[in-house]
Structures are given as structure tokens and as C-alpha cells.
Amino acid sequence: MEIGFSSEERQFREQCRDWLHANVPAERRPMDAIDAIDFDKAWQRTLFDAGWAGINWPVDYGGRGLSIVQQVIWLEEYARAHAPWIGANFVGVNHGGPTLIANATDEQKAYHLPRILKGEAIWCQGFSEPGAGSDLAGIRTTGRVEGDELVVNGSKIWTSFAHVADWQELVIRTEPGSSRHKGLSWVICDMHSPGITIRPIRKISGQTEFAQVFYDDVRIPLANVVGGLGNGWRVSMSTLGFERGTGFIADQVKNAIEVEELIGRARANGMIRDDRIADDLAQMRAEVAALRAMTYRNISEVIRTGQPGPESSVIRLFTSELGQRIERMAVTLMGEAMIDFAYGDDDAVADYLRGFAATIAGGTAQIQRDIIGERLLGLPKSR
Amino acid sequence: MDLTPSAEQEAFLTATSDWCRDAMPIEAARARPANLWQQLEAMGLTGISAPEAQGGMGLEFGTEALVFAELGRHLAPIALISTAVVRHSTDHAAKAGLTLAGAGAVRLLDARDAGIALGVRDGRVATFDVPAGLTWGVAIDQTVPLARVAPSPDGSDISAPRAALHLQLLAAAFALGAADLARDMAADYAKVREQFDRPIGWFQAIKHICADMAVRCAVARSQLYYAACALDAGTGDAAFHVAAAKRLADRAALDNGRANIQVHGGIGMTDEAYAHLPLKRAHLLGFIAPVSSSDLLTPELEPA
Numbered sequence: 026m027e028i029g030f031s032s033e034e035r036q037f038r039e040q041c042r043d044w045l046h047a048n049v050p051a052e053r054r055p056m057d058a059i060d061a062i063d064f065d066k067a068w069q070r071t072l073f074d075a076g077w078a079g080i081n082w083p084v085d086y087g088g089r090g091l092s093i094v095q096q097v098i099w100l101e102e103y104a105r106a107h108a109p110w111i112g113a114n115f116v117g118v119n120h121g122g123p124t125l126i127a128n129a130t131d132e133q134k135a136y137h138l139p140r141i142l143k144g145e146a147i148w149c150q151g152f153s154e155p156g157a158g159s160d161l162a163g164i165r166t167t168g169r170v171e172g173d174e175l176v177v178n179g180s181k182i183w184t185s186f187a188h189v190a191d192w193q194e195l196v197i198r199t200e201p202g203s204s205r206h207k208g209l210s211w212v213i214c215d216m217h218s219p220g221i222t223i224r225p226i227r228k229i230s231g232q233t234e235f236a237q238v239f240y241d242d243v244r245i246p247l248a249n250v251v252g253g254l255g256n257g258w259r260v261s262m263s264t265l266g267f268e269r270g271t272g273f274i275a276d277q278v279k280n281a282i283e284v285e286e287l288i289g290r291a292r293a294n295g296m297i298r299d300d301r302i303a304d305d306l307a308q309m310r311a312e313v314a315a316l317r318a319m320t321y322r323n324i325s326e327v328i329r330t331g332q333p334g335p336e337s338s339v340i341r342l343f344t345s346e347l348g349q350r351i352e353r354m355a356v357t358l359m360g361e362a363m364i365d366f367a368y369g370d371d372d373a374v375a376d377y378l379r380g381f382a383a384t385i386a387g388g389t390a391q392i393q394r395d396i397i398g399e400r401l402l403g404l405p406k407s408r
Numbered sequence: 414m415d416l417t418p419s420a421e422q423e424a425f426l427t428a429t430s431d432w433c434r435d436a437m438p439i440e441a442a443r444a445r446p447a448n449l450w451q452q453l454e455a456m457g458l459t460g461i462s463a464p465e466a467q468g469g470m471g472l473e474f475g476t477e478a479l480v481f482a483e484l485g486r487h488l489a490p491i492a493l494i495s496t497a498v499v500r501h502s503t504d505h506a507a508k509a510g511l512t513l514a515g516a517g518a519v520r521l522l523d524a525r526d527a528g529i530a531l532g533v534r535d536g537r538v539a540t541f542d543v544p545a546g547l548t549w550g551v552a553i554d555q556t557v558p559l560a561r562v563a564p565s566p567d568g569s570d571i572s573a574p575r576a577a578l579h580l581q582l583l584a585a586a587f588a589l590g591a592a593d594l595a596r597d598m599a600a601d602y603a604k605v606r607e608q609f610d611r612p613i614g615w616f617q618a619i620k621h622i623c624a625d626m627a628v629r630c631a632v633a634r635s636q637l638y639y640a641a642c643a644l645d646a647g648t649g650d651a652a653f654h655v656a657a658a659k660r661l662a663d664r665a666a667l668d669n670g671r672a673n674i675q676v677h678g679g680i681g682m683t684d685e686a687y688a689h690l691p692l693k694r695a696h697l698l699g700f701i702a703p704v705s706s707s708d709l710l711t712p713e714l715e716p717a
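So the protein lines, in turn, are chains A and B. Residue 26 is where the first sequence starts when you use my numbering, and the numbers rise one by one after that. Residue 414 is where the second sequence starts when you use my numbering, and the numbers rise one by one after that.
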């Protein structure tokens with residue numbers, strides 16, 4: 026075990042730091058998805074042109090083919106430089122793209138991967154349904170095979186950036202009468218297809234980042250199925266473990282920076298003299314350190330064995346709950362000023378409110394606890 | 414950067430684990446064999462990080478912390494912690510007990526057959542002579558012999574700069590071990606104990622208690638590894654990372670210790686069952702190299 030980085034890695038870190046220092050935009054990222062879309066696309070293009078998009082993606086598809094450790098270093102420096110959230114590019118870069126790399130045909134990869142990296146194509150995720158959120162196997166949206174097309178009917182919900190997206194990673198039931206994990210397919214859906222209706226949903230923080238999507242006889246070529254018809258469950262799961270382990274590095278560094286800022290603020294306004302607040306802040310400082318160590322352990326596991334360890338769900342759960350406690354502390358330190366928020370743009374209050382999503386999206390905290398209890402501790406399955 | 418144990422470390426860990434299972438079963442924690450210390454010495458476990466010239470193994474803190482977490486999971490003698498520090502940083506090669514200075518009295522822990530005991534005084538680590546003819550009882554942690562003496566006179570400071578952190582790191586490793594033990598006891602019980610015609614671990618109310626125990630262990634273990642590596646590398650933030658490791662391991666040990674009793678239900682309240690052992694160990698360890706809020710808030714850190 027060792028925590029040092031090689032001289033090559035340290036040099037890479039310097040390069041990241043220098044470029045970010047010179048290029049991070051001075052203006053704030055707009056908060057609402059519609060307002061932010063041009064900003065997000067332009068920033069992604071800037072990253073791509075300078076060679077910082079897809080650091081560990083294959084070179085053939087526009088990536089740099091570098092190591093996971095270098096990817097981690099980039100994400101750490103990215104957060105440390107207060108670089109903007111990649112926003113609308115999140116699903117393409119962190120989920121859709123990696124899923125395509127692992128499962129798609131050469132044609133699918135050649136078309137989509139460079140467009141994702143360049144910020145030309147915005148992706149959204151079509152997993153959750155009005156009747157199936159964390160219960161992904163409960164999907165009811167259907168895709169009927171007709172010739173060389175699928176005809177899709179149904180609805181998806183909580184779809185972040187649906188109203189600005191070009192493509193969707195869509196999981197549908199393609200075998201009539203199938204149930205649970207069987208008979209699902211993972212398809213690439215063109216969000217500009219006829220028959221798609223999008224109804225944006227306003228969040229408790231005031232933003233409209235997610236939407237409900239309705240499919241009325243939407244036609245998708247069979248060539249857009251990834252990983253084969255009926256293999257949707259396997260394809261969906263293929264990147265989740267990785268996502269849970271390393272998809273949160275930027276959040277983790279952001280949390281560490283935020284805790285430092287909160288300690289500074291509590292000193293400045295005297296609230297640090299409240300023993301309970303001092304104790305909570307001390308605990309958070311220890312916990313963000315542990316979260317980094319846990320992520321490093323998980324990455325070491327990926328390097329050693331090719332896949333993340335079973336503790337990925339622990340990272341996912343711990344990150345989401347720690348983040349929420351940090352956001353809650355931020356509004357606690359604001360005192361009564363937090364009530365001035367009226368769908369306004371105070372970052373701390375907006376982060377606090379939209380942070381409730383962290384323990385719901387991508388499998389609720391309760392689902393994560395089930396996974397930890399069953400897979401890590403071997404307790405009997407209750408579902 | 415690699416925070417997974419190496420093949421050699423894994424092998425050492427497996428050997429330790431196998432030996433602990435035979436030599437230190439939990440069922441016998443309250444009455445360890447008289448020659449247990451000699452066995453620990455013969456296994457080399459009292460001198461993992463001690464210099465080879467001193468008869469130790471000369472291994473790094475990282476390996477020692479890993480192995481101590483395993484020893485802690487079997488409620489190994491508390492004097493292993495103090496002995497490891499003394500053997501690493503002085504030329505005293507035999508067992509060393511622990512002292513805890515409190516109001517009006519000094520508590521001597523596990524210092525039978527030990528000429529000296531290690532304690533912390535004004536932030537400095539020092540050794541004290543163990544007086545002869547003491548009356549030994551047991552601590553709340555029934556595996557630990559305890560004697561009370563009047564406030565002791567001068568001891569001799571250990572000059573090694575990292576001795577205090579070494580003590581804190583190994584106490585953290587023992588606390589993690591106690592947390593691991595409580596988690597495993599709870600999960601094992603939840604698999605076999607049936608209520609309403611099902612193993613109680615089937616119910617989310619129990620499953621989620623156990624999952625939280627696993628999360629606390631994973632968090633504390635990760636930070637322990639990082640802290641041990643930071644101490645080995647002598648990084649400027651090592652003191653913070655060791656303190657963070659101790660804080661998280663202490664919390665995990667206490668919270669898991671309590672949760673384990675709850676999962677065991679009525680039997681968990683009894684003396685004859687073992688659920689109280691890791692809890693009592695956790696309380697004891699909380700007083701060894703404790704961490705205050707200011708230990709964690711004061712040092713300047715560079716984030717990330």
C-alpha cells in the first residue's frame with residue numbers, strides 16, 4: 026500500500042492544473058438547464074479541443090487512452106480549480122459513453138463517442154418510469170419489433186436534461202409478456218423522433234432540470250439496440266459498478282473544498298464556538314478524507330483486478346449522505362438568511378434543496394442498503 | 414498510488430487471521446491462556462514495525478496497521494498497542510503496558526508481567542515504571558487487567574517524533590477491529606436467528622442496521638490505510654490523517670457495538686452472550702489516544 030504518485034503522474038497533475046488555471050471560465054454556469062445548454066456545449070468543446078475530454082477513453086474514438094489514475098488526477102484538479110459542472114453532458118460522458126465503450130458495435134461507437142466528447146450531442150437517461158424508479162426491473166415501456174424497427178410506447182420520468190437532449194439511453198421491454206430483468210433492451214433513442222413529447226418538471230429548488238417523456242409509436246431502428254435484443258439488463262448493469270466507484274470523484278473533491286469553506290465561515294461568524302457545530306465540522310473533515318481514501322481503494326481494485334470492488338455501493342451511499350450533511354451545514358451556518366431564497370439563485374440553498382435527489386436518484390439510499398446487506402454481508406434477499 | 418494490500422501483506426494477514434481464530438476465539442476472550450503473550454511474541458506480532466536489529470520484523474506501519482485491525486477483531490491483548498510503540502521507538506524489547514492518566518489516579522492497563530507502561534503526558538509519549546505488588550482487577554473491557562495507582566512521578570519521554578501518532582494509529586486499528594467484529598457478529602446472527610418464519614436479516618429493519626455497520630467499517634478502514642501510508646511516507650498532513658482514522662474508527666466501534674446488541678435482541682443484553690464484548694472494547698479504546706474536534710479542525714490542509 027502506498028499513497029504516492031509517480032513522477033509522470035505528478036507531471037500530468039501539473040499540466041492539468043496549469044491548463045485549468047488558464048482556461049476555467051470566469052462567468053458562472055447558468056443554473057437552469059435551458060439557459061445552461063450553450064454554456065455546457067461550449068465548455069465541453071473547449072475541453073475536447075485541448076485534449077481533456079475522455080482522458081481514459083480509447084484513442085480511436087477521440088479519447089486520450091490514458092490511465093484511470095490520470096483520469097482521477099484530472100477530476101481532482103478539475104474540482105479544485107472550481108471548473109464548472111459539465112451539466113447537460115453528464116449522462117453522455119459519465120454513463121452513456123462508458124456503456125457504449127463496453128457494449129456497442131464499432132459503427133455505434135464511431136458515430137456517437139466523438140460527438141459526446143465534443144459536446145455536439147447531449148444525452149439523457151431513460152431508465153426511471155412513473156411506476157418504476159429504483160425498481161428498474163419493473164419497466165413497462167414497450168418496444169414492439171416491426172421489420173427493422175422498434176415501435177416504442179410508454180413513458181419515462183425524472184429524465185435529467187430530456188428537454189435539451191439529442192439522444193437517450195433508453196431501456197424498454199422488447200419481449201411481450203416478459204417480466205422483471207428478462208426481455209429488456211438498451212437502445213439509443215433519437216430525442217428528435219416524431220411521437221416524443223417532453224414535459225419539463227420543476228424541482229423544489231426552482232430549476233427545470235428533469236422532465237417526463239412520453240413515447241407514442243416512436244420508431245427506432247433495430248440498429249440502435251446496444252448489446253443485443255433482450256440483453257438490456259446486463260448492458261444497464263455493466264457500467265453501474267464503475268459509475269458508483271469513480272463517477273463521484275468530482276463530487277468528493279467538491280465536498281472536501283466545501284468543508285474547508287464551511288470551517289472558514291464558521292470561524293468568521295463565530296459559530297465554531299458552538300461545540301456541536303465544531304464537532305460536526307471536525308467529523309465531516311475526517312469523513313471527506315476517508316471518502317477520498319475509499320475511492321483510492323476502489324480505483325486500486327479496478328487497476329488490480331479490472332473491476333471495482335463490492336464496496337462501490339458503500340461509496341455511492343456514503344457520498345450521497347455525506348454531501349447532504351455538508352449542504353445542510355451550509356444552510357445552518359447561513360442562519361435566517363436562508364429564508365430569503367425564493368427560487369432565487371443562492372447556490373447554498375439551491376444545492377441544499379436539490380441535494381435531496383442524491384439519496385433518491387440512481388437507486389435510493391434504501392436500495393443501496395439492501396445491496397450492501399445482501400452482497401457484502403450475505404444477508405437473505407428480501408426482494 | 415495503491416491502497417490495496419500487496420500479496421505479501423495479504424499472506425501475512427491470512428496467516429494472522431488463521432492463527433487468531435485458533436489462539437484467540439471470542440468465546441475465550443475473558444480468560445485468555447496464561448502463555449498467550451509468549452505465543453504472540455513467538456509469532457512476531459509484538460514487533461511488526463520494530464527494527465530488525467531489535468529482534469523485530471522491520472515492516473512498515475501500513476502492514477502493522479492491517480495486521481492490528483485483524484488482531485483487534487479477535488479482541489487481542491490491549492498491551493500489543495503500547496508494546497509495538499515502545500519496541501519501535503526505544504530499545505526496550507519486552508512487553509509494555511498502557512497507562513491512562515485521569516483525575517486523581519492513573520489506570521494501568523494490561524501491565525502484568527510488564528516492567529514499564531506507556532502513556533501520553535502533555536502530548537508527549539513517555540514510559541513509566543510499573544510498581545511492584547499491584548492488585549489487579551478487570552476493566553469494563555473484561556479482557557483487560559486493570560490496576561489503579563497514585564499519580565505517577567516522572568517517566569522518560571520517548572524522543573521519536575512519530576511515537577504519539579504510532580500509538581494513535583494502532584489504537585485506531587484495534588477500534589476498527591472491534592467495529593468489524595460487531596458487524597460480523599450481527600450479520601452472522603441475522604442469518605440464523607428466525608422470527609416470523611424468516612431469518613431476521615431478511616427484514617429491511619435489520620438489514621439496514623447491518624448495512625450501516627458495514628459502511629462505518631469501510632469508511633474507517635479506508636482512512637486507516639491512508640493514514641498508515643501517510644505516516645510511512647512522513648507527509649506533512651500525517652497527523653491529521655491519523656487523527657481522522659482514530660476518530661472514524663472510534664465512532665464505528667461504538668456505533669457498531671451498540672447496533673450489534675440491538676440486532677441480538679434479548680440475548681444481546683446478557684453477560685453469557687458476547688455482543689457486549691466489542692462494545693466494551695470500543696469504550697476502552699475511546700480513552701486511548703483520543704481525538705478532539707480541534708485536533709481535526711486546526712491543521713491547515715490543502716483540499717484534494
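Simulated from the structure, these hints should not be mistaken for lab results. It should be emphasised that the depicted structure is a prediction, and the values quoted were computed from it without experimental measurement. Each hint should be verified, as a subset may be incorrect.
Below, a list of computed lysine-lysine pairs in the DSBU-like style, where the Cα atoms sit at most 35 Å apart [as the list claims (entries may be wrong)]:
{"#": "1", "chain 1": "A", "residue 1": "Lys66", "chain 2": "A", "residue 2": "Lys228"}
{"#": "2", "chain 1": "A", "residue 1": "Lys207", "chain 2": "A", "residue 2": "Lys134"}
{"#": "3", "chain 1": "A", "residue 1": "Lys228", "chain 2": "A", "residue 2": "Lys207"}
{"#": "4", "chain 1": "B", "residue 1": "Lys604", "chain 2": "B", "residue 2": "Lys693"}
{"#": "5", "chain 1": "B", "residue 1": "Lys604", "chain 2": "A", "residue 2": "Lys406"}
{"#": "6", "chain 1": "B", "residue 1": "Lys693", "chain 2": "A", "residue 2": "Lys406"}
{"#": "7", "chain 1": "B", "residue 1": "Lys604", "chain 2": "A", "residue 2": "Lys207"}
{"#": "8", "chain 1": "A", "residue 1": "Lys207", "chain 2": "A", "residue 2": "Lys406"}
{"#": "9", "chain 1": "A", "residue 1": "Lys228", "chain 2": "A", "residue 2": "Lys134"}
Holds or violated: Lys228 (chain A) and Lys134 (chain A), Cα atoms, limit 35 Å.
With a Cα-Cα distance of about 34 Å, the restraint between Lys228 (chain A) and Lys134 (chain A) holds, given a limit of 35 Å.
Does the alpha-carbon distance linking Lys604 (chain B) and Lys693 (chain B) stay inside the 35 Å limit?
Holds - the C-alpha atoms of Lys693 (chain B) and Lys604 (chain B) are around 24 Å apart, at most 35 Å.
Pair hint outcome, Lys693 (chain B) versus Lys406 (chain A) [Cα-Cα no greater than 35 Å]:
Between Lys693 (chain B) and Lys406 (chain A) the Cα gap is close to 32 Å, so the pair holds against 35 Å.
Next pair to validate is Lys66 (chain A) with Lys228 (chain A); report whether the Cα-Cα distance is within 35 Å.
Holds, at about 23 Å.
Between Lys207 (chain A) and Lys134 (chain A), is the straight-line Cα distance small enough, at 35 Å or below?
25 Å, holds
Holds or violated: Lys207 (chain A) with Lys406 (chain A), Cα cutoff 35 Å?
Measuring from Cα to Cα gives roughly 19 Å; hence the hint holds.
Can the restraint linking Lys604 (chain B) and Lys207 (chain A) be considered satisfied, given a maximum Cα separation of 35 Å?
Holds: Lys604 (chain B) and Lys207 (chain A) sit about 29 Å apart, inside 35 Å.
Would you mind confirming whether the straight-line C-alpha gap from Lys604 (chain B) to Lys406 (chain A) stays at or under 35 Å?
Judged against 35 Å, a Cα distance of about 11 Å means the pair holds.
35 Å Cα cutoff - pair Lys228 (chain A), Lys207 (chain A)
33 Å, holds
Taken one by one, the earlier hints all hold for this structure without exception.
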